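> Okay, here's what each chain looks like letter by letter:
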Amino acid sequence: MTESSKPRMSYSRRDALRMLAVGGAAGLLAPNVLGKPAFAQTPSASPTGRVVVGFSQEPTVFNPLMPHTECDDAVHFSVFDALVRMDPKGVLQPNLVVEVPSQENGGISEDGLLWRIRLRDDVRWHDGQPFTADDVKFTLELITNPKFRAWRTAGHSLVRDIKVVSPTELTWRMEEAFAPYLSFLAETFMVPKHILEKEADPNAAAFNQAPVGTGAFKWAQRIAGDHIELVANTDYAGEGPYLERLVFKYIPDMTVLYTQFKSGDIDLVDQAFITADNYAEASKLPDRVVMLERGASVESIYLNLEKPQFKDPAVRQALYAAIDRNAILEGLYYGVHSPTETFMPQNSYYYNPNLPAQEFNIERARQILDEAGWVPGSDGIRVKDGVRLSFANSTTSGNHLREQTQQFLQQTFAEIGVEMTISNLPAAVMWGDFWLKSQFESAISGVTNVIAGDPDVTNRLHTKAIVAKGGKGSNTGQYSNPEVDALLDKGTRTFDREERRAIYLRVQEIVRQDLPFLPLFAYANVFGRKEGLEGFEANSNTRVASWHAAGWHWKD
Amino acid sequence: MRGFLLNRLSQSLILLLIVSVIGFVVLNLLPGGPLAQFGLDPGMTQDDLDRLKEQLGLNRPLWMQYLDWIWRLLQGDWGNSFRDGAPVLSVIGRHLFATLLLMGTSTAIAIAIGTWIGIRGATHRYSLFDHLATVGAMVALSIPTFWFGLVGIYIFSLKLGWVPAGNMYTIGDGSVLNYLHHLILPSVVLSLVHVAIWSRYMRTATLDAISQDFVKTARAKGLSERRVIMKHVVGNALLPMITLAGVQLPSILTGALVTETVFTWPGMGRLFLDSLGYSDYPVVMGLLMFSAILVVLGNLIADIAVAIVDPRIRLG
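Sequences listed follow chains F and X, in order. 1 is the number of the first residue of the first sequence in our numbering; add one for each residue after it. 557 is the number of the first residue of the second sequence in our numbering; add one for each residue after it.
Since the hints were made in silico from the structure, they are not lab data. All of these numbers come straight from a predicted model, not from anything done at the bench. Treat the hints with caution; some may be incorrect.
To be verified - Computed footprint of chain X on chain F, listed as stretches where at least three residues anywhere in the stretch have a Cβ under 8 Å from a Cβ of chain X:
| hint | stretch |
| --- | --- |
| 1 | 51 to 60 |
| 2 | 456 to 469 |
As the list claims (entries may be wrong) - As a list, the in silico EDC-like pairs of lysine to aspartate or glutamate whose alpha-carbon atoms are at most 20 Å apart:
| hint | chain 1 | residue 1 | chain 2 | residue 2 |
| --- | --- | --- | --- | --- |
| 3 | F | K472 | X | D606 |
| 4 | F | K307 | F | D433 |
| 5 | X | K609 | F | D433 |
| 6 | F | K89 | F | E239 |
| 7 | F | K469 | X | D686 |
| 8 | X | K715 | F | E281 |
| 9 | F | K472 | F | E175 |
| 10 | F | K437 | X | E610 |
| 11 | F | K147 | X | D603 |
| 12 | F | K555 | F | E239 |
| 13 | X | K715 | F | D287 |
| 14 | F | K89 | F | D496 |
| 15 | F | K469 | X | D606 |
| 16 | F | K437 | X | D606 |
| 17 | F | K490 | F | D235 |
| 18 | X | K609 | F | D201 |
Said to hold, decoys possible - So the derived list for chain F, only partly shown, Cβ under 8 Å to chain X, looks like this:
| hint | residue |
| --- | --- |
| 19 | T275 |
| 20 | W431 |
| 21 | F434 |
| 22 | S445 |
| 23 | V447 |
| 24 | T448 |
| 25 | N449 |
Virtual Cβ for every residue (Gly too), placed ideally from N, Cα, C.
Bound-form chain X, shown alone:
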């Protein structure tokens, strides 16, 4: 286990380094840059822009900027946002709660419903329910989330007035109930795709497990069908789901770009989009590294979790 961890850790560091170099170079190769937003300002002269470039260190060679950035990063300094001057970690931190709330809720909904649909579909294969679930999943996966979002806003907010059209809460009312009310539509919309994914994976995994010999043995022992499914099939079918959860962990923390925009949700997805639009390099690099670390961590956690749950797997 220890050897495995050390091995994975060293691999991860090299991976992160490669990600950082590629990210930094690609981002900085784009012409324009963070000062382009002032190009149309009536009073700003080229002198002002040159001065700002120098003050921000943007006039140095790219390799020098990169070394400076990575050196600071290693010391825990992620730099300051060009856009609002605040430290990158605090900028990310400010948006993290909103994303965790939305993605956490929608993922919980997706796992609960998706798993149930998957198991039921597999145990009642080719039934009307299974067909409906298959068609439903195809629809959810094929149609973009923002479309569901806009339709949802039109029907449930503007026409029926059941839920708010967007925002995380009503300004001036920070009660839990108010948050929950605002959470309903975006989390349901966002969970649609994830329900589809989870149900398809779960169905396949359940079908795999059902055909195994130990299930036949369990049935032969005279166990009730319900007990066979719950104890022997589901338990085993959940194993591949742990890997799926691990892979999806980063998205829980990095947010959903389009959904956050449609629902005016102040999360990480929108932060990423905004920062890209302003060429706010420190924040974009911060978010890139943050999600890269999460991908690495998510996979690592999934591997360890699988090993713990499945006694046949030994890491090391």
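In isolation and in its complexed conformation, chain F is listed as follows:
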């Protein structure tokens, strides 16, 4: 179970004023003691200023329950609230609830099946209506309504018998114990019952184009293809907002996005951040703060384990040994990303740092293949039992860094008698059935394995998640290990954080040994913002930099 904590102090305007006064006085009285005047760090009492956030994709889906991509999250996190929120340390914080339900506080029963949620009583929708338990019930039921075009339903489909006890309390029963559900709830934003229940077809509701939430910012307008404008919700129940306006600007070309960051047209770069090749230059820009922050995604070579070439563990080990990761990281990715041995994000509580480190050793790779009986054929390509050690590698065409990586790998693999051909596809084709239904031989892909910081990877590594074999999930490499399956099953039923940690550390050990995919590196994101924009915090448990714009403010 993910760690939770008590509600954080939220500042009212009066508190903020008080802090301003105290901070200011303290700053005047003892500047040398404090080192830095305290008031310089304190946001102003009423929302002021505007921040323009640049995106390389256009946010277009504003109903947070409908299918959407990363960039839409920025709008959802700003306009809406979820019951809980995952903070940068991977700790669940209350958002619309009074406390994060747990087995200790009685919010979740010992067997994990009965849940009780207690809500704040001071939250209002942007139209002034109070937020109540009815809204939560409505939201959870809408997600599993077969007529509604819902985003992911995992976890929600286990919820039964939602009962509204009072306007601030509700209970439900889970069909089976599912510990990751709390994290899923951190990405489940509440929608207003009083608006959506009147709609004959919620898929086509006017709400979807002009959302009403409980969040720190209210919807103002959208100029399609250009930008979205939000304004401060001065009645916000939580911390902030300190900004009067928040603008999400769409700049499709990465070079132009970076140019506009340089020229000052945008104040902060969000998805897909600053590209690795611009990192060195960006960090020298005057009046800009450029930070390298670990992301949740891991770039790996995925092997389709049902292909005869990859069934032999020796082949996977030999290929892994033949990858010159440092050359790829330094030569192609400008040293921005870092090597990793696992699928788990490196700043996760569940990350296993004690896995054997990969070593680039061509001789060792050759030796492993020799010992396993893979003999070079007449053309130099190894063969065993009639199987040629040759395979195609696919990734999104047009991603020049991945294409260069492929060419580099192709050469080193050839040195150990392995033939790798390159067969790339446009993104819209690559990540369709070709990827999901395991039609590839091998693929290079950056994959986020966990949802909102929860370590559960059943969807990626469990045998029952292989779609090509009738499963439900996205175990596209078709990895199957009974021990991992059992551990993952246990992990979803276990709510204790320490116990879960032991489980997932072991899973990582086994996976590192089995090598169903060959990790290349853990992604780092290059965040860039104007100097003076304070309150910004990176959070690798969310998919966007704008996960908490409520706390942003300009330094006076």
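Since chain F is already given, all that's left is putting chain X on it; use the hints.
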């Protein structure tokens, strides 16, 4: 005239039908589809994707999807965008203003300057001006527009700071002056190619007209050279330009793909590119039909305009 119109109209409808079938089939034959963007989402299962496919009607046979689409289209329902859920016509409408503004301005610049260069080049054939115009046109046509765009941004925005680096206007300042300021660089860059095209066409048309007998007659009558050129040559040389304008009409409304991307211009060209990237079939089909209708209309208008201007042509 009426017979001509009816004839052209029926031909156009068949053409549009063929365009729609080819467009629909080609678009839907691509593997992947609109849900491929969720392929890497950690929480989305195949079940979710199958459910969405069914809700969007994507699991039906292609011919059924096509018939359903065309039937709705005939009733005025262009469908809804998969990407943002809004009706296709409103999605197109939202991007139309930006494109009209940019393309309208650049086309106006191109016509004015291109025509002038063409006439002057023809009347001063093989002069230094004519040579420079020829070389200039070759350069403008050979170098891709986005290169001019990036160079323009580098020199005039980043180095000199005269014009904004992109965007249609500064957020928070919707004044006409602000729009105009943002319009300068992209419209000038975009007009470069069109100036080149217009000047070359105009030069040829003017040369054609100059060699005609009526020009010699006009000169023989003792008219001033300026009057001969303005009244007799230019008037006649403009005729083929009307056809050119007709052919270019669709591009005014459908936008410039690359220029809109380089200058962060929220127009139709970028909408098309984005919609293709997301396999947003309803919007791509909508844009395809929209531009096909414009091509047909543009040609029709050009034919009628030529007939009105040139008394020798009779339609019917």
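> Determine for every hint whether it applies to the structure shown.
Evaluation of the provided hints:
no.: 1; hint: 51 to 60; result: holds (count 3)
no.: 2; hint: 456 to 469; result: holds (count 4)
no.: 3; hint: K472(F) <-> D606(X); result: holds (11 Å)
no.: 4; hint: K307(F) <-> D433(F); result: holds (17 Å)
no.: 5; hint: K609(X) <-> D433(F); result: holds (12 Å)
no.: 6; hint: K89(F) <-> E239(F); result: holds (18 Å)
no.: 7; hint: K469(F) <-> D686(X); result: violated (71 Å)
no.: 8; hint: K715(X) <-> E281(F); result: holds (17 Å)
no.: 9; hint: K472(F) <-> E175(F); result: holds (17 Å)
no.: 10; hint: K437(F) <-> E610(X); result: holds (18 Å)
no.: 11; hint: K147(F) <-> D603(X); result: holds (15 Å)
no.: 12; hint: K555(F) <-> E239(F); result: holds (17 Å)
no.: 13; hint: K715(X) <-> D287(F); result: holds (17 Å)
no.: 14; hint: K89(F) <-> D496(F); result: holds (17 Å)
no.: 15; hint: K469(F) <-> D606(X); result: holds (15 Å)
no.: 16; hint: K437(F) <-> D606(X); result: holds (12 Å)
no.: 17; hint: K490(F) <-> D235(F); result: violated (43 Å)
no.: 18; hint: K609(X) <-> D201(F); result: holds (17 Å)
no.: 19; hint: T275; result: violated (16 Å)
no.: 20; hint: W431; result: holds (3 Å)
no.: 21; hint: F434; result: holds (7 Å)
no.: 22; hint: S445; result: holds (7 Å)
no.: 23; hint: V447; result: holds (6 Å)
no.: 24; hint: T448; result: holds (5 Å)
no.: 25; hint: N449; result: holds (6 Å)
When held up to the earlier numbered hints, the structure conflicts with 7, 17, 19 and fits the remainder.
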